[in-house]
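Per my numbering, the sequence shown starts with residue 16, numbered consecutively.
These are computed hints drawn from the structure, not numbers from a lab. Honestly, I wouldn't trust all of these hints.
Here are the simulated DSSO-like pairs of lysine-lysine, each with C-alpha atoms no more than 27 angstroms apart in a straight line [to be verified]:
(1) K206 - K173
(2) K67 - K206
(3) K173 - K131
(4) K167 - K131
(5) K177 - K131
(6) K67 - K131
Just the calculated beta-carbon pair ranges, DEER-fashion [to be verified]:
(7) P200 - T107: 36 to 42 angstroms
(8) F122 - I88: 31 to 37 angstroms
(9) R193 - P89: 49 to 55 angstroms
(10) L234 - R98: 29 to 35 angstroms
(11) S94 - D166: 26 to 32 angstroms
(12) G180 - F122: 29 to 35 angstroms
(13) Q105 - R197: 43 to 49 angstroms
(14) D199 - T107: 41 to 47 angstroms
(15) G168 - F136: 28 to 34 angstroms
(16) K167 - L125: 14 to 20 angstroms
(17) M198 - S53: 28 to 34 angstroms
Beta carbons are placed, not taken as given, at the ideal position from N, Cα and C, and that holds for glycine.
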Amino acid sequence: MSPAAQQKKNPRQGKAGSTANQGKSAGQASPGSTSSSSGPWLVIGLGNPGDKYAGTRHNIGRMALDEIADRQIPAANFSTNKRANADVAQITQPPLPTLILARPRTFMNLSGGPTKALANFYKVPAERIIVVHDELELDSGHVTLRQGGGDKGHNGLKDISKALGTKDYWRVSCGIGRPPGRMDPAAYVLKPFPRGEAADVAIMCADAADHIERLIRGL
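Could you build all of it, start to finish, from the sequences and the hints given here?
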């Protein structure tokens, strides 16, 4: 994998910015302690399949995954793993661990099946799985990294936790903020990001990719 890019700050973030390991309880592994483990990392970018949902807030996890793929030289290409029902790209650049990027081809609330199938196929334990997802409870543009914890009502995380039988995987949460006024959150997450926020969305995707690169490097 290419060297981790210098972390970019969203001009709207202020001091809150990006945070690593929020929500981690005492005794859980820190990012640095994972570097001595062997085996690949599995990164799941959550979202809904199809052009209809491309660019929506709910698909920010997929967008961040594409940022990681595009950083490779040459860019990593995805192919369909029919057994897991997911699009997968494998990146191997020693001495770094192998990185498996995956986009489930299911809808968001059925993400657990592909995640479990890929974890079994590549023999990846939960502590080396990273799920990138949208987060209503984070201000727009903020990105956090944590291991374990609740799903905060996110159906994709809920299904993954159920399928894996554990919540001990890593989460990169990309803030999309709460909907304005009385707008239904379910409708809000399926709306595209406004064109005026394109630069902020790109920065958020880069920030999420930076978090993942630092984690797999044990930094």
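Tested hints:
1. Simply put, K206 and K173 have alpha-carbon atoms about 22 angstroms apart, close enough for the 27 angstroms limit, and the pair holds.
2. Annotation: proposed proximity of K67 to K206 holds, straight-line Cα distance about 10 angstroms (limit 27 angstroms).
3. Using a Cα cut-off of 27 angstroms, the hinted pair K173 and K131 holds, with the two alpha carbons roughly 13 angstroms apart.
4. As the CA atoms of K167 and K131 are separated by approximately 21 angstroms, the hinted pair is consistent with the 27 angstroms bound.
5. Proposed proximity of K177 and K131 is supported: the alpha carbons are some 10 angstroms apart, at most 27 angstroms.
6. This hinted pair checks out: K67 and K131 have alpha carbons roughly 26 angstroms apart, not beyond 27 angstroms.
7. For P200 and T107, the hinted distance range of 36 to 42 angstroms is satisfied, since their beta carbons lie about 39 angstroms from each other.
8. Roughly 33 angstroms separates the CB atoms of F122 and I88, a value that falls within the hinted 31 to 37 angstroms.
9. The hint said 49 to 55 angstroms for the Cβ distance between R193 and P89, and at roughly 39 angstroms that hint is violated.
10. At about 34 angstroms, the CB distance of L234 to R98 agrees with the hint of 29 to 35 angstroms.
11. One distance hint, 26 to 32 angstroms for the beta-carbon pair S94 and D166, holds here, with the actual separation near 29 angstroms.
12. Between G180 and F122 the Cβ separation comes to about 21 angstroms, which falls outside the hinted range of 29 to 35 angstroms.
13. Against the hinted window of 43 to 49 angstroms, the Cβ-Cβ separation of Q105 and R197 comes to about 45 angstroms, which satisfies the hint.
14. For D199 and T107, the Cβ-Cβ distance of about 43 angstroms falls inside the hinted range of 41 to 47 angstroms, so the restraint holds.
15. Taking the beta carbon of each, G168 and F136 are about 29 angstroms apart, inside 28 to 34 angstroms as hinted.
16. Restraint check, K167 to L125: a C-beta distance of roughly 19 angstroms satisfies the suggested window 14 to 20 angstroms.
17. One distance hint, 28 to 34 angstroms for the beta-carbon pair M198 and S53, is violated here, with the actual separation near 47 angstroms.
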